[in-house]
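Q: Sequence:
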Amino acid sequence: MPLVPALWVAKAGHCSSSGVEDQPGQRGETLSLQKKKKKKNSLAWWYVTVVYQNGLPVISVRLPSRRERCQFTLKPISDSVGVFLRQLQEEDRGIDRVAIYSPDGVRVAASTGIDLLLLDDFKLVINDLTYHVRPPKRVEMGFHRVSQDGLDLLTFAGITGVSHRVRIEISRKAEKRTTLVLWGGLAYMATQFGILARLTWWEYSWDIMEPVTYFITYGSAMAMYAYFVMTRQEYVYPEARDRQYLLFFHKGAKKSRFDLEKYNQLKDAIAQAEMDLKRLRDPLQVHLPLRQIGEKD
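Residue numbers for the sequence shown, in the UniProt record's numbering: 1 to 297.
Note that these hints are calculated values from the structure, not bench results. You may find that some hints are simply not true.
[Stated by the list, open to error] Estimated spans, in silico, between C-beta atoms of each pair:
1. Val106 with Asp268: 48 to 56 Å
2. Arg86 with Asn54: 21 to 29 Å
3. Ile168 with Ala190: 26 to 34 Å
4. Thr73 with Asp120: 18 to 26 Å
5. Tyr214 with Arg165: 48 to 56 Å
6. Gly82 with Arg165: 46 to 54 Å
7. Gly105 with Arg165: 56 to 64 Å
[Said to hold, decoys possible] Computed list of lysine-lysine pairs in BS3-like fashion (alpha-carbon distance at most 30 Å, straight line):
8. Lys75 with Lys123
9. Lys137 with Lys75
10. Lys267 with Lys176
11. Lys173 with Lys267
12. Lys255 with Lys173
13. Lys262 with Lys278
14. Lys176 with Lys262
15. Lys262 with Lys251
16. Lys267 with Lys255
17. Lys254 with Lys176
18. Lys267 with Lys278
19. Lys254 with Lys267
20. Lys75 with Lys278
21. Lys137 with Lys123
22. Lys176 with Lys251
23. Lys262 with Lys173
24. Lys255 with Lys176
25. Lys278 with Lys137
26. Lys251 with Lys173
27. Lys251 with Lys267
28. Lys254 with Lys173
Built from N, CA and C at the ideal position, the CB exists for glycine as well.
Please model the complete structure; the sequences and the hints are all you need to start from.
A: Okay, here's the thing in structure tokens:
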């Protein structure tokens, strides 16, 4: 005998407890009405629902024995129809028969992935009850997600696309000027070496030029110490080069009215969104580490 939803059982009990004897014709009409109600509700549209929470499908099913709803969170790629059916039987020992069918009555194999099952409507048969399940369409979900959550990200991407081109141009000019400064320093040192060599071996002697070279060397040491006092950094060529590049870059950004602070905020927002997308994609990748997901992308 098919299990009837609790709502209709209560109604039937209420009708039978009235204490009024039905006439034969009325009893026949009552039985006919009850059969129609049972047939109408054999496809229970409201007892099984599918929603997405944190990127995972959550199927809510009304268990027949305990007559209460139970949520089953599934992983679209790693879980299959068989896993879902086993979870149902483990949760309610009163389930003797459970299966999933397509809308046209074809049984769905236990090896079918949950992601494929949720692409279309299906029927969940528990004992003698049939539930018609309508999962939310992925296209609709994607549309709402882009229109609500992803709109800001797309706007950020568009803004940073224009800003990125401006930043590249400013960076190119700063790099060029920094390179000229480096080559200018080398030219200055070469010129100084040539002048000192000529004064030492052609114009004067080493006895005269030795104090001069001493003061030049000591002056260079004072310049390096002054650099440390002003910048709180040791005078190391790579760091000095990077500092000079940043000076030229900020000067060019100010000249071009390029908002570096806003640009950095947009880049941070995009980086955070990409990290969140990887975390949301993690269950779909069978819990692969983020590093491996990055390599696969």
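Q: Hints first: check each against the structure and report whether it holds.
A: Okay, the hints, checked on the actual structure:
Restraint check, Val106 to Asp268: a C-beta distance of roughly 51 Å satisfies the suggested window 48 to 56 Å. A C-beta distance of roughly 23 Å is found between Arg86 and Asn54, which places it inside the suggested range of 21 to 29 Å. In this structure the supplied range 26 to 34 Å holds for Ile168 paired with Ala190, their Cβ-Cβ distance being about 33 Å. For Thr73 and Asp120, the Cβ-Cβ distance of about 21 Å falls inside the hinted range of 18 to 26 Å, so the restraint holds.
Against the hinted window of 48 to 56 Å, the Cβ-Cβ separation of Tyr214 and Arg165 comes to about 52 Å, which satisfies the hint. For the hinted restraint 46 to 54 Å between Gly82 and Arg165, the CB-CB distance of approximately 53 Å keeps it satisfied. Separated by about 58 Å at the C-beta atoms, Gly105 and Arg165 satisfy the suggested range of 56 to 64 Å. Distance restraint check for Lys75 and Lys123: the Cα-Cα separation of roughly 20 Å lies within the 30 Å cut-off, and the hinted pair is therefore satisfied.
Between Lys137 and Lys75 the CA atoms are separated by roughly 17 Å; this keeps the pair inside 30 Å, and the hint holds. Distance hint between Lys267 and Lys176 is fulfilled; the C-alpha atoms sit about 25 Å from each other, no more than 30 Å. Distance hint between Lys173 and Lys267 is fulfilled; the C-alpha atoms sit about 22 Å from each other, no more than 30 Å. Taking the CA atoms of Lys255 and Lys173, the gap is about 12 Å. The hint holds against a cut of 30 Å.
The hinted pair formed by Lys262 and Lys278 meets the criterion: a straight-line CA distance of about 25 Å does not exceed 30 Å. A C-alpha spacing of about 25 Å is found between Lys176 and Lys262, which places the hinted pair at or below 30 Å, so the restraint holds. Our distance criterion of 30 Å between C-alpha atoms is met by Lys262 and Lys251, whose separation comes to about 17 Å. Of the pairs offered as hints, the one joining Lys267 and Lys255 holds, with about 22 Å between alpha carbons and a cut-off of 30 Å not exceeded.
Restraint check: the Cα-Cα separation between Lys254 and Lys176 comes to about 17 Å, which is no more than 30 Å; the hinted pair holds. With a C-alpha separation of about 17 Å, the suggested pair Lys267 and Lys278 falls inside the 30 Å cut-off, and the hint holds. Note on Lys254 and Lys267: the hinted pairing holds, with a Cα-Cα distance of about 19 Å set against a maximum of 30 Å. The suggested pairing of Lys75 with Lys278 holds, with an alpha-carbon distance near 16 Å, which does not exceed 30 Å.
Between Lys137 and Lys123 the CA atoms are separated by roughly 16 Å; this keeps the pair inside 30 Å, and the hint holds. About 14 Å separates the Cα atoms of Lys176 and Lys251, which keeps this hinted pair within 30 Å; it holds. With a C-alpha separation of about 21 Å, the suggested pair Lys262 and Lys173 falls inside the 30 Å cut-off, and the hint holds. Between the alpha carbons of Lys255 and Lys176 the distance comes to roughly 16 Å, so the proposed pair stays at or under 30 Å and holds.
Our distance criterion of 30 Å between C-alpha atoms is met by Lys278 and Lys137, whose separation comes to about 22 Å. Distance check on the hinted pair: Lys251 and Lys173 sit about 11 Å apart at the alpha-carbon level, within 30 Å; holds. The hinted pair formed by Lys251 and Lys267 meets the criterion: a straight-line CA distance of about 21 Å does not exceed 30 Å. Restraint check for Lys254 and Lys173: the C-alpha separation of about 13 Å stays at or below 30 Å, so the hint holds.
Consistency with the previously given hints is maintained throughout, with no hint failing.
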